[in-house]
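Each chain, letter by letter, is given below.
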Amino acid sequence: MRSIRAAAVGAVTMSLALAATACGGGSSSGGGSNDSPKTLTYWASNQGASIAIDKKVLQPELDKFEKQTGIKVKLEVVPWSDLLNRILTATTSGQGPDVLNIGNTWSASLQATGALLPWDAKNFDKIGGKDRFVDSALGSTGAEGKDPAAVPLYSMAYALYYNKEIFADAGISKPPATWAELIADGKKIKAKGKSPLGAEGANVSENIHHVFVFAKQHGADFFTADGKPDFTNPKIVDAVKQYVDLMAKDKVIPTGDAEYAQNQSVSDFAKGRQAMLLWQSAAANLKSQGMSEDKYGIAPVPVQSGTPGTGAQTNSMVAGINLAVFKNTDNLDGATKFVKFMTSDAEQKILNTAYSSIPPVKGAQSDAAFNSPSNAVLKQTLATSAAALPQVADESQFETAVGTAVKELFADAAAGRAVTTDSVKAKLEKAQQQMPMK
Amino acid sequence: MTTTTLKEPVRGSSTGAAAPEQRRRPGRIRRIGLPYLLLLPALLLELLVHLVPMVIGIVMSFKELTQFYIRDWGTAPWTGFGNYSVSVDFDAPVGKALLHSFFVTVGFTLLSVGLCWLIGTTAAIYMQDTFRGRGLLRALFLVPYALPVYAAVITWVFMFQHDNGLVNHVLHDQLHLTDKRSFWLIGDNSFWALLITHVWKGWPFAFLIVMAGLQNIPKELYEAAALDGAGMLQQIRRITLPSLRPVNQVLVLVLFLWTFNDFNTPYVLFGKAAPEAADLISVHIYQASFVTWNFGTGSAMSVLLLLFLLVVTGVYLVFTSRGRRTGDV
Amino acid sequence: MSDARVSKSPMAPPSSFLWSRRIFLTLLTGFVLIPVYVMVSSSLKPLADVTGKFRWLPSGLTIRPYIDIWSTVPLAKYFMNSLIVAVSATVCSVVVAVFAAYAVSRYNFRGKRVFTVTVLSTQMFPGILFLLPLFLLYVNIGNATGIALFGSRGGLILTYLTFSLPFSIWMLIGYFDSVPRDLDEAALVDGCGPLGALFRIVVPAAIPGIVAVAVYAFMTAWGEVLFASVMTNDTTRTLAVGLQGYSTLNDVYWNQIMAASLVVSVPVVAGFLLLQRYLVAGLTAGAVK
Numbered sequence: 001m002r003s004i005r006a007a008a009v010g011a012v013t014m015s016l017a018l019a020a021t022a023c024g025g026g027s028s029s030g031g032g033s034n035d036s037p038k039t040l041t042y043w044a045s046n047q048g049a050s051i052a053i054d055k056k057v058l059q060p061e062l063d064k065f066e067k068q069t070g071i072k073v074k075l076e077v078v079p080w081s082d083l084l085n086r087i088l089t090a091t092t093s094g095q096g097p098d099v100l101n102i103g104n105t106w107s108a109s110l111q112a113t114g115a116l117l118p119w120d121a122k123n124f125d126k127i128g129g130k131d132r133f134v135d136s137a138l139g140s141t142g143a144e145g146k147d148p149a150a151v152p153l154y155s156m157a158y159a160l161y162y163n164k165e166i167f168a169d170a171g172i173s174k175p176p177a178t179w180a181e182l183i184a185d186g187k188k189i190k191a192k193g194k195s196p197l198g199a200e201g202a203n204v205s206e207n208i209h210h211v212f213v214f215a216k217q218h219g220a221d222f223f224t225a226d227g228k229p230d231f232t233n234p235k236i237v238d239a240v241k242q243y244v245d246l247m248a249k250d251k252v253i254p255t256g257d258a259e260y261a262q263n264q265s266v267s268d269f270a271k272g273r274q275a276m277l278l279w280q281s282a283a284a285n286l287k288s289q290g291m292s293e294d295k296y297g298i299a300p301v302p303v304q305s306g307t308p309g310t311g312a313q314t315n316s317m318v319a320g321i322n323l324a325v326f327k328n329t330d331n332l333d334g335a336t337k338f339v340k341f342m343t344s345d346a347e348q349k350i351l352n353t354a355y356s357s358i359p360p361v362k363g364a365q366s367d368a369a370f371n372s373p374s375n376a377v378l379k380q381t382l383a384t385s386a387a388a389l390p391q392v393a394d395e396s397q398f399e400t401a402v403g404t405a406v407k408e409l410f411a412d413a414a415a416g417r418a419v420t421t422d423s424v425k426a427k428l429e430k431a432q433q434q435m436p437m438k
Numbered sequence: 001m002t003t004t005t006l007k008e009p010v011r012g013s014s015t016g017a018a019a020p021e022q023r024r025r026p027g028r029i030r031r032i033g034l035p036y037l038l039l040l041p042a043l044l045l046e047l048l049v050h051l052v053p054m055v056i057g058i059v060m061s062f063k064e065l066t067q068f069y070i071r072d073w074g075t076a077p078w079t080g081f082g083n084y085s086v087s088v089d090f091d092a093p094v095g096k097a098l099l100h101s102f103f104v105t106v107g108f109t110l111l112s113v114g115l116c117w118l119i120g121t122t123a124a125i126y127m128q129d130t131f132r133g134r135g136l137l138r139a140l141f142l143v144p145y146a147l148p149v150y151a152a153v154i155t156w157v158f159m160f161q162h163d164n165g166l167v168n169h170v171l172h173d174q175l176h177l178t179d180k181r182s183f184w185l186i187g188d189n190s191f192w193a194l195l196i197t198h199v200w201k202g203w204p205f206a207f208l209i210v211m212a213g214l215q216n217i218p219k220e221l222y223e224a225a226a227l228d229g230a231g232m233l234q235q236i237r238r239i240t241l242p243s244l245r246p247v248n249q250v251l252v253l254v255l256f257l258w259t260f261n262d263f264n265t266p267y268v269l270f271g272k273a274a275p276e277a278a279d280l281i282s283v284h285i286y287q288a289s290f291v292t293w294n295f296g297t298g299s300a301m302s303v304l305l306l307l308f309l310l311v312v313t314g315v316y317l318v319f320t321s322r323g324r325r326t327g328d329v
Numbered sequence: 001m002s003d004a005r006v007s008k009s010p011m012a013p014p015s016s017f018l019w020s021r022r023i024f025l026t027l028l029t030g031f032v033l034i035p036v037y038v039m040v041s042s043s044l045k046p047l048a049d050v051t052g053k054f055r056w057l058p059s060g061l062t063i064r065p066y067i068d069i070w071s072t073v074p075l076a077k078y079f080m081n082s083l084i085v086a087v088s089a090t091v092c093s094v095v096v097a098v099f100a101a102y103a104v105s106r107y108n109f110r111g112k113r114v115f116t117v118t119v120l121s122t123q124m125f126p127g128i129l130f131l132l133p134l135f136l137l138y139v140n141i142g143n144a145t146g147i148a149l150f151g152s153r154g155g156l157i158l159t160y161l162t163f164s165l166p167f168s169i170w171m172l173i174g175y176f177d178s179v180p181r182d183l184d185e186a187a188l189v190d191g192c193g194p195l196g197a198l199f200r201i202v203v204p205a206a207i208p209g210i211v212a213v214a215v216y217a218f219m220t221a222w223g224e225v226l227f228a229s230v231m232t233n234d235t236t237r238t239l240a241v242g243l244q245g246y247s248t249l250n251d252v253y254w255n256q257i258m259a260a261s262l263v264v265s266v267p268v269v270a271g272f273l274l275l276q277r278y279l280v281a282g283l284t285a286g287a288v289k
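Protein chains in written order, with my numbering: chain A, 1 to 438; chain B, 1 to 329; chain C, 1 to 289.
Don't take every hint at face value.
Once the Cα atoms are required to be at most 25 Å apart in a straight line, the calculated DMTMM-like pairs of lysine to aspartate or glutamate come out as [stated by the list, open to error]: (1) A:Lys-340 - A:Asp-63; (2) A:Lys-340 - A:Asp-125; (3) A:Lys-349 - A:Glu-293; (4) C:Lys-53 - B:Asp-179; (5) A:Lys-146 - B:Glu-64; (6) A:Lys-190 - C:Asp-234; (7) A:Lys-430 - B:Glu-276; (8) A:Lys-192 - B:Asp-173; (9) A:Lys-56 - C:Asp-68; (10) A:Lys-249 - B:Asp-179; (11) A:Lys-56 - C:Asp-234; (12) C:Lys-53 - B:Asp-188; (13) A:Lys-349 - A:Asp-330; (14) B:Lys-96 - A:Asp-422; (15) A:Lys-126 - A:Glu-429; (16) A:Lys-174 - A:Glu-293; (17) A:Lys-146 - B:Asp-72; (18) B:Lys-272 - A:Glu-76; (19) B:Lys-272 - C:Asp-68; (20) A:Lys-194 - B:Asp-173; (21) A:Lys-67 - C:Asp-234; (22) A:Lys-362 - A:Glu-144; (23) A:Lys-362 - A:Asp-82; (24) B:Lys-96 - A:Glu-429; (25) A:Lys-192 - A:Asp-294; (26) A:Lys-190 - A:Asp-245; (27) A:Lys-251 - B:Glu-64; (28) B:Lys-96 - B:Glu-64; (29) A:Lys-340 - A:Glu-181; (30) A:Lys-430 - B:Glu-64; (31) A:Lys-337 - A:Asp-120.
Hints in this document: simulated from the structure, not taken from any laboratory.
Throw the hints in and build the complete structure from the sequences for me.
See the structure below:
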């Protein structure tokens with residue numbers, strides 16, 4: 001024991017001085033510079049069916065950009081499993097890319113770190129002005145009242161995908177527009193031996209996306225106006241319970257889905273085992289799994305009653321990807337030019353077509369390419385009935401805490417344990433207590 | 001930063017001073033300087049990769065290192081023992097969750113190390129004598145160890161699926177042992193899924209080490225025991241196991257430390273949000289620091305863990321080393 | 001397989017022993033083999049089959065996944081990266097550990113216990129906490145000296161070689177202790193320097209132990225996920241992380257994951273088999289001092 005203590009003391013004294021030097025680390029340099037005007041590093045997120053496909057989509061566009069500006073863009077497609085960690089370490093060390101894709105729900109959290117270039121009026125002017133972008137997409141670029149931390153790049157929305165054949169078999173003539181209809185249809189579908197609806201019960205982010213919409217439909221928000229968590233609000237409890245009840249009580253989501261976290265519900269749908277799927281821009285995915293476009297229909301996500309709209313008629317989150325400039329860039333002008341290029345009407349058309357997403361840029365969105373029936377639903381949803389996830393600095397903690405709570409509730413439901421208002425409230429209370437104290 | 005790495009030799013200060021003298025007086029001074037010179041690369045590496053980051057980690061644990069400060073964390077405010085008091089406040093949810101996670105990890109580690117050791121040792125003893133196909137089996141048993149962690153664990157994920165997995169197919173569809181399919185990746189069973197996966201990947205290492213240890217036991221011991229009329233089991237109890245003691249001392253300790261700190265298996269198996277029943281402490285700390293962006297609290301938890309493991313290791317070494325020379329541990 | 005060196009019990013084992021051995025080894029083989037079988041069979045199925053109900057015998061076989069794995073993910077590049085990183089880390093780790101273990105085994109000097117215990121204590125710190133500080137350190141070293149440690153293979157090699165160092169040193173001390181001191185003292189008398197004695201006498205005598213440590217160091221570097229995910233980029237990404245590329249936002253290519261895992265594991269398992277005889281003989285001496 002003596003030697004262990006000696007070792008500990010030795011190790012600490014040895015390295016304390018060294019640590020002191022290292023502690024000064026982090027990035028002290030403030031804004032960007034233009035020290036290397038000829039190159040840019042770009043971290044793209046994985047949008048296509050594989051990283052290789054992303055490169056195939058993006059590289060020709062980057063070459064085009066190089067031809068126009070003489071700036072060479074070094075592309076790295078970062079898998080989703082690594083993206084946030086990479087951004088965090090880049091933020092901590094100041095050593096990162098010049099331009100990067102971020103999930104739009106991360107905007108406010110990353111904004112709080114101060115690592116991303118704020119898009120004030122001056123910066124927006126350089127890329128053609130803020131009003132080129134669709135409002136709903138802009139709502140997901142950072143906390144309200146602050147300059148956006150990123151600009152919208154791709155937009156997506158949730159829709160209800162349904163298998164036409166199963167619907168016809170079950171004698172359902174039109175897709176459900178309300179949850180009550182969906183549950184009623186579910187019974188008919190079950191009678192035919194198919195499972196009605198899919199869900200990714202163990203996927204924390206998917207859970208958040210859905211309970212957020214349910215909360216909206218119950219007229220509640222997870223955060224108060226001044227940004228405090230309000231998870232135990234009775235309306236929130238009801239909202240979360242309604243979602244979990246789709247499995248627990250209404251039995252339209254099979255219990256097996258409680259453990260899904262790897263898009264198994266999409267496979268189930270593509271293979272014709274499951275009648276409905278709530279998903280964002282699933283077309284390309286379904287196609288890659290061998291389901292042709294005429295096999296399924298696409299409709300707005302159900303609401304409580306009436307038709308989709310704002311407020312309690314919300315039926316989707318604003319999903320999408322934003323493009324941000326890393327503040328420590330050594331090619332600020334080039335980075336801005338690149339953002340301008342990527343958000344130009346022409347590029348927006350090409351990229352969003354390739355990824356079957358909707359352009360958040362007005363000029364591109366009106367293009368005929370985005371007028372197919374399936375895109376029409378998504379466009380309509382984005383324009384009229386989608387809401388941005390809470391733009392608060394603690395969004396990431398919120399996703400983890402509440403998303404995990406819902407995952408556990410699904411696990412309870414799957415195990416046959418009762419999901420009651422009290423049990424939902426208890427889980428949400430625990431989630432709320434895990435949020436950082438202010 | 002260059003100064004950091006150069007500072008270390010001060011500890012073995014004779015090294016630097018002795019170097020020029022060595023050529024002139026090859027005798028005593030060389031003998032004093034040489035060991036330090038030989039240790040130098042290892043020391044520098046340990047300093048750079050283990051010790052300095054460890055100290056930075058300890059420093060971090062005293063700071064309020066949330067997303068607001070990570071960009072320039074020199075400016076993060078000091079919180080004293082704030083992060084620690086949050087972590088050990090077992091009445092509040094954060095502390096309670098940590099404590100729960102700690103107990104899960106202790107249970108998991110004890111079971112996993114025990115099973116890995118038991119399976120490994122049993123297999124090694126059974127495979128001590130030659131028999132047909134022994135070489136083939138030995139090769140086969142090494143396969144789990146040779147697979148990349150991700151590949152091994154994702155295969156188990158595949159097998160543990162509720163609807164389409166092999167495990168439920170066998171237990172439910174073929175053997176009809178369960179009324180309905182069980183969940184393995186969520187809920188309470190996830191603990192067993194984690195344990196099985198970990199043991200599958202981990203036991204071959206124990207097997208290797210014990211198998212090697214067995215070969216050093218002199219044949220004469222067995223012969224003498226056999227003459228005394230000792231049966232197979234008695235031979236194992238009286239000769240094999242005592243002879244394996246030194247091997248086991250090292251093996252069990254490293255298995256314990258590695259298992260306790262294992263991150264890869266639960267992370268690949270369950271992703272970022274592990275089920276409560278299988279919430280291992282490494283994933284828990286990962287979640288506390290990387291997913292919720294509070295590196296201060298995460299560091300404090302890690303330091304507490306380090307203290308715990310130091311105590312356990314110390315006690316373990318004191319107990320197992322009794323009567324043994326322990327100059328090297 | 002060299003079975004000659006294995007000590008054999010003098011008595012013919014009783015039949016109860018033989019039966020229990022048969023049962024135990026059969027069960028164990030099943031436990032080990034089933035996942036391996038799942039990997040092999042799944043890697044030969046089309047994607048649609050893998051996402052369906054499990055069946056022992058595939059309804060149809062295809063080698064498609066084995067072709068697709070190379071284009072879905074730049075597998076060959078990742079494989080090379082892993083190989084470079086793991087081999088370099090192994091070689092360096094072994095060399096460094098041999099020196100350190102020799103010093104501890106053969107010399108008495110101040111701080112010996114402190115050194116061995118400190119090295120041991122590094123095994124107790126959860127890796128997750130090293131991640132950020134180490135990254136910071138590498139970046140700062142890079143800024144100060146221009147040596148790019150993060151994002152490069154060099155940084156990864158440095159990290160992994162240190163990861164395996166403590167256990168390697170520990171084991172090697174044991175192996176070296178078991179090499180009789182008279183041997184290297186005789187060499188010293190013959191006019192070899194201490195290093196001469198190390199390389200001519202001690203290292204050859206401990207070759208099996210060194211092989212064992214090398215295997216361990218290789219596996220440490222080969223499978224590590226967490227540090228590699230943050231410290232590598234497109235061009236330096238290793239297999240352990242790269243395999244995750246088969247699981248994308250839209251799809252999980254189970255069949256390709258399995259195929260790729262098998263393809264990359266075959267060389268490792270083959271290497272294992274080649275080294276096995278050394279390994280088995282080697283680990284002995286070290287642990288039992």
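Quiz item: Given the proposed pairing of Lys-53 of chain C with Asp-179 of chain B, does the C-alpha separation stay at or below 25 Å?
Solution: Distance ~18 Å between Lys-53 of chain C and Asp-179 of chain B Cα, so the pair holds.
Self-check item: Pair hint Lys-349 of chain A and Asp-330 of chain A, alpha-carbon separation not exceeding 25 Å
Solution: Violated, at about 29 Å.
Exercise. Given the hint that Lys-192 of chain A pairs with Asp-173 of chain B, test it: the Cα-Cα distance must not exceed 25 Å.
Key: holds (22 Å)
Exercise. Take the C-alpha atoms of Lys-362 of chain A and Asp-82 of chain A, compute the straight-line distance between them, and say whether it is at most 25 Å.
Key: violated (32 Å)
Exercise. Verify the proposed pairing of Lys-96 of chain B with Glu-429 of chain A, using a straight-line Cα cut of 25 Å.
Key: holds (14 Å)
Quiz item: Taking 25 Å as the top limit, are the C-alpha atoms of Lys-340 of chain A and Asp-63 of chain A close enough?
Solution: Distance of about 15 Å is within 25 Å: holds.
Quiz item: Do the alpha carbons of Lys-192 of chain A and Asp-294 of chain A lie within 25 Å of each other, as the hint requires?
Solution: Satisfied, since the Cα-Cα distance of roughly 21 Å is no more than 25 Å.
Quiz item: Can the restraint linking Lys-194 of chain A and Asp-173 of chain B be considered satisfied, given a maximum Cα separation of 25 Å?
Solution: holds (19 Å)
Quiz item: Holds or violated: are the alpha carbons of Lys-430 of chain A and Glu-276 of chain B at most 25 Å from each other?
Solution: holds (13 Å)
Self-check item: Lys-349 of chain A paired with Glu-293 of chain A [C-alpha distance capped at 25 Å]
Solution: holds (21 Å)
Exercise. For the pair supplied as a hint, Lys-362 of chain A and Glu-144 of chain A, confirm whether the alpha-carbon distance does not exceed 25 Å.
Key: Given pair Lys-362 of chain A, Glu-144 of chain A holds - Cα atoms ~21 Å apart, limit 25 Å.
Quiz item: Are the Cα positions of Lys-340 of chain A and Glu-181 of chain A separated by 25 Å at most?
Solution: It is violated: about 45 Å lies between the C-alpha atoms, which goes past 25 Å.
The structure fails to meet hints 6, 13, 15, 19, 23, 27, 29 from the earlier list, while all remaining hints are met.
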